[in-house]
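A.B. asks: Sequence:
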Amino acid sequence: MSERIVDTNRTNLLGEIEVAPEVLEVIAGIAANEVDGVYAMQGRFSKSMKNVFGKANHKKGVHLNTDEDGLKVDIYCYFKFGVNVPVVAQTIQQRVREQVLHMTDISLAEVNIHIADIVPEKTTIQELFDLDTEEDEK
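Numbering (the working numbering), first residue to last: 3 to 140.
One should not assume that every hint holds.
Unchecked claim - The calculated label-pair distances, taken between Cβ atoms and stated as ranges, are: (1) V25 x I120: 26 to 32 Å; (2) G72 x N14: 19 to 25 Å; (3) D76 x L16: 30 to 36 Å; (4) T106 x L15: 16 to 22 Å; (5) G17 x H116: 34 to 40 Å.
If you're looking for bench data, these hints aren't it; they were derived computationally from the structure. Glycine included, C-beta positions come from ideal geometry on N, C-alpha and C.
Generate the whole structure from the sequences, applying the supplied hints.
C.D. replies: Spelled out as structure tokens, the structure:
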């Protein structure tokens, strides 16, 4: 796994601006989750329980990595049944790239979409937790 060190420092006449990697994860998570066709972001069971109790975790399902090519974002999500998978995935890539650039002035080298599952219309929250628990066990 790559180091989680991200060059997010900017210097201007007034001083330095540093963006924490967690902020980039939140921006990417919100941007991805707002795309039509995304059912939910994939996260661990404990993070899913926080959502039930009213504490949203906007960075779940988002992982940052850096290498010689630059900053890469991996997004893990569930899609709604019946959507055009390539179109939704490309829309996520575009929105995440645009929002991160717009909000932080940081260009992403890659935005990789990992579709964990397709969720039927009548899926309960418990069934979604069960999917996350199965992923944690692997």
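A.B. asks: Decide, hint by hint, whether the structure agrees.
C.D. replies: Now for the hints, and whether the structure bears them out:
1. V25 x I120: 26 to 32 Å: Roughly 30 Å apart at Cβ, these two residues keep to the hinted range, so it holds.
2. G72 x N14: 19 to 25 Å: 22 Å, holds
3. D76 x L16: 30 to 36 Å: The hinted range 30 to 36 Å holds for D76 and L16, with Cβ atoms some 34 Å apart.
4. T106 x L15: 16 to 22 Å: 19 Å, holds
5. G17 x H116: 34 to 40 Å: At roughly 38 Å between Cβ atoms, H116 and G17 fall inside 34 to 40 Å, so the hint holds.
Against the hints set out earlier in the document, no violation occurs for any number.
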